[in-house]
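Participant: Quick mapping for you: the protein sequence lines, in order, are chains A and B.
Taking the numbering used here, the leading residue of the first sequence gets 1, the next gets one more, and so forth.
Taking the numbering used here, the leading residue of the second sequence gets 1, the next gets one more, and so forth.
Heads up, a few of these hints could be off.
Unchecked claim - Listed next, with one range per pair, are the computed distances between beta-carbon atoms: (1) His129(A) to Asp214(B): 50 to 58 Å; (2) Pro36(A) to Gly148(B): 19 to 27 Å; (3) Glu102(A) to Arg87(B): 53 to 61 Å; (4) Pro36(A) to Gly254(B): 26 to 34 Å; (5) His129(A) to Gly255(B): 36 to 44 Å.
Claimed, not checked - If you want the ones that stay clear, here's a sample from chain B, every Cβ over 10 Å from chain A, calculated: (6) Thr22; (7) Leu135; (8) Thr150; (9) Asp185; (10) Gly254; (11) His266.
These are calculated hints, taken from the structure and not from any lab test.
The C-beta atom is built at its ideal place from N, Cα and C for all residues, glycine as well.
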Amino acid sequence: MSSADIYRELILDYYRNPRNFGKLEKFDISAHDTNPLCGDEIEMQIRVGENSKIEEIKFSGRGCAISQASASMLTELAKGKPLEWVKLVAKEDVFKMLGDPELGPSRVKCALLGMKVLKTGVYGYLGAHYEDPEPGT
Amino acid sequence: MLKTEAVDVERIRRDFPILKRTVHGKRLVYLDNAATTQKPQAVIDSLVDYYSRYNSNVHRSVHTLGEEATAAYEGARGKVTRFVGARANETVFVRGTTEATNLVRFAWGEKQVKKGDLLLATRMEHHSNIVPWQLLAKSKGATLKFVGITPDGNLDMEELDRLLGESPKLLAFTHCSNVLGTINDVANVSRKAHKAGATTVVDGAQSVPHFPVDLSALDVDFYAFSGHKMLGPTGIGALIGRKALLEDMDPYEGGGEMIREVFDDHSTWNDVPYKFEAGTVNIADAIGLGAAVDYLTSIGMDKVREHEIRLLDYARETLSKVKGLHVYGPEDSKERSGLIAFNYADVHPHDLATILDEEGIAIRSGHHCAQPLMRCLNVSATSRASFHVYNSYDDIDALKQGIMKAGAIFKV
Numbered sequence: 001m002s003s004a005d006i007y008r009e010l011i012l013d014y015y016r017n018p019r020n021f022g023k024l025e026k027f028d029i030s031a032h033d034t035n036p037l038c039g040d041e042i043e044m045q046i047r048v049g050e051n052s053k054i055e056e057i058k059f060s061g062r063g064c065a066i067s068q069a070s071a072s073m074l075t076e077l078a079k080g081k082p083l084e085w086v087k088l089v090a091k092e093d094v095f096k097m098l099g100d101p102e103l104g105p106s107r108v109k110c111a112l113l114g115m116k117v118l119k120t121g122v123y124g125y126l127g128a129h130y131e132d133p134e135p136g137t
Numbered sequence: 001m002l003k004t005e006a007v008d009v010e011r012i013r014r015d016f017p018i019l020k021r022t023v024h025g026k027r028l029v030y031l032d033n034a035a036t037t038q039k040p041q042a043v044i045d046s047l048v049d050y051y052s053r054y055n056s057n058v059h060r061s062v063h064t065l066g067e068e069a070t071a072a073y074e075g076a077r078g079k080v081t082r083f084v085g086a087r088a089n090e091t092v093f094v095r096g097t098t099e100a101t102n103l104v105r106f107a108w109g110e111k112q113v114k115k116g117d118l119l120l121a122t123r124m125e126h127h128s129n130i131v132p133w134q135l136l137a138k139s140k141g142a143t144l145k146f147v148g149i150t151p152d153g154n155l156d157m158e159e160l161d162r163l164l165g166e167s168p169k170l171l172a173f174t175h176c177s178n179v180l181g182t183i184n185d186v187a188n189v190s191r192k193a194h195k196a197g198a199t200t201v202v203d204g205a206q207s208v209p210h211f212p213v214d215l216s217a218l219d220v221d222f223y224a225f226s227g228h229k230m231l232g233p234t235g236i237g238a239l240i241g242r243k244a245l246l247e248d249m250d251p252y253e254g255g256g257e258m259i260r261e262v263f264d265d266h267s268t269w270n271d272v273p274y275k276f277e278a279g280t281v282n283i284a285d286a287i288g289l290g291a292a293v294d295y296l297t298s299i300g301m302d303k304v305r306e307h308e309i310r311l312l313d314y315a316r317e318t319l320s321k322v323k324g325l326h327v328y329g330p331e332d333s334k335e336r337s338g339l340i341a342f343n344y345a346d347v348h349p350h351d352l353a354t355i356l357d358e359e360g361i362a363i364r365s366g367h368h369c370a371q372p373l374m375r376c377l378n379v380s381a382t383s384r385a386s387f388h389v390y391n392s393y394d395d396i397d398a399l400k401q402g403i404m405k406a407g408a409i410f411k412v
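Bound-form chain A, shown alone:
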């Protein structure tokens, strides 16, 4: 697969026009993390609604096209879902959402940063702890 395939229209569109970008005035969950390799940075905020549903979710940050597009797409997917859904999200879901680009080990971290932040925040809110299966750089 070539980089032209990695950086397809979809990813570039979400990079340049990120959905759910910004901050919430009122939120119940907030989490932030960086990718020490790149300096990619993602913050996510969630307002929890009735029946523990993700009522509102926004993300902010800066970084490469893959990290920003991935975070943005994830917020769209999460909106309206129950918090428990976040526990079921796996990295394969994120790759699929991005169109299964062929990413080297260093770029996989970029793709998964949004999921890590989302899980860290939601697990904490639910009184659990999210352990990153691939910590560090």
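Following the hints, complete the assembly by docking chain B onto the known chain A.
Facilitator: Quick look at chain B alone, frame taken from chain A:
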């Protein structure tokens, strides 16, 4: 632009076996030399030769292999010492620049720095010349302040003078920035620091590999550099220290080799520099570094410098034609080293590096272990192409082509 070579690049390239390989089916264009350089066959051979012919521990072996290994290890120390214009017994072998600054932090800092003292670093430092001083300041209750940079990427000399007026104990600064390429006037800055009563620690990781350095003219207290950035092996570097300071310092690590006599309740220390080389040293890589020094000397560091200036001029001219590309650091190539940090439109450096890698081009992307500087420049990351003596004008043309490809993919 006239493309003439200051060195015989084609001949030099043949000395580096790795340059024959391909990456993703393309010729390897290696432009990540500020991170680490490739190794000439002579350096690789020196390691094989040591392990296959005279591998032995040094200093305490009376047998033939031990004497040969000791002669080669100490011979390498002599080569490194002469290469940078240091004096005998002032060269301590360390793992690299990071271990050198940490050695000074422990062996000098723990003894000399007191509660309430002021330490200075600059905003263009690599993390290896910031974090040890942060840790020292924290453990001693001292304060760490930073000398800023001017918009054109030079040290802010007014701020330097003002902060030196606060009588700092230490000034840690780089000879050459690994992002901006800025070459600092080490002799002048160090003289100012000494007048203010400060001890100077200079990061030479990006200078010694790229241009002639003569420490006898620079008036610094501690000077550190890494072997792997100057065509040598990883895991070896040097700390050059003023002898009186080294002698006054406590040991860094305790163990074999660094002692004179050991009793039940105390020990006495070996002479400088052995006092700082505890345990079995990195013999093979020190010998490899000696071979790298020989190789660079055979080309001539003034030639290496001239070659890099020409590449830099050519790269700046070539890249100036790329719309949306912004280069950081001083304008004049004579005031900077052979590296170029840049950003291209809204293409993030990591995305650019991924696209270039597919063309066989290796550059660095990210914060370059200089996050305080990134904040100064108000960016989270930059791309960086850095040169050495085996790079050619063709490499720069390939870089430009790769950037244009990224532009097409990102529809810049």
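Participant: Each hint should be assessed against the structure and marked as holding or not.
Facilitator: Results of checking the hints against the structure:
1. His129(A) to Asp214(B): 50 to 58 Å: Given range 50 to 58 Å: holds, Cβ gap about 56 Å.
2. Pro36(A) to Gly148(B): 19 to 27 Å: Given a distance of about 25 Å, which is inside 19 to 27 Å, the answer is holds.
3. Glu102(A) to Arg87(B): 53 to 61 Å: holds (55 Å)
4. Pro36(A) to Gly254(B): 26 to 34 Å: holds (32 Å)
5. His129(A) to Gly255(B): 36 to 44 Å: holds (40 Å)
6. Thr22: holds (16 Å)
7. Leu135: holds (18 Å)
8. Thr150: Consistent with the label, Thr150(B) stays out of reach of chain A, its closest Cβ about 24 Å off (over 10 Å).
9. Asp185: Holds, because the least Cβ-Cβ distance between Asp185(B) and chain A comes to about 30 Å, which exceeds 10 Å.
10. Gly254: holds (30 Å)
11. His266: holds (40 Å)
Hint compliance for this structure: every hint is met.
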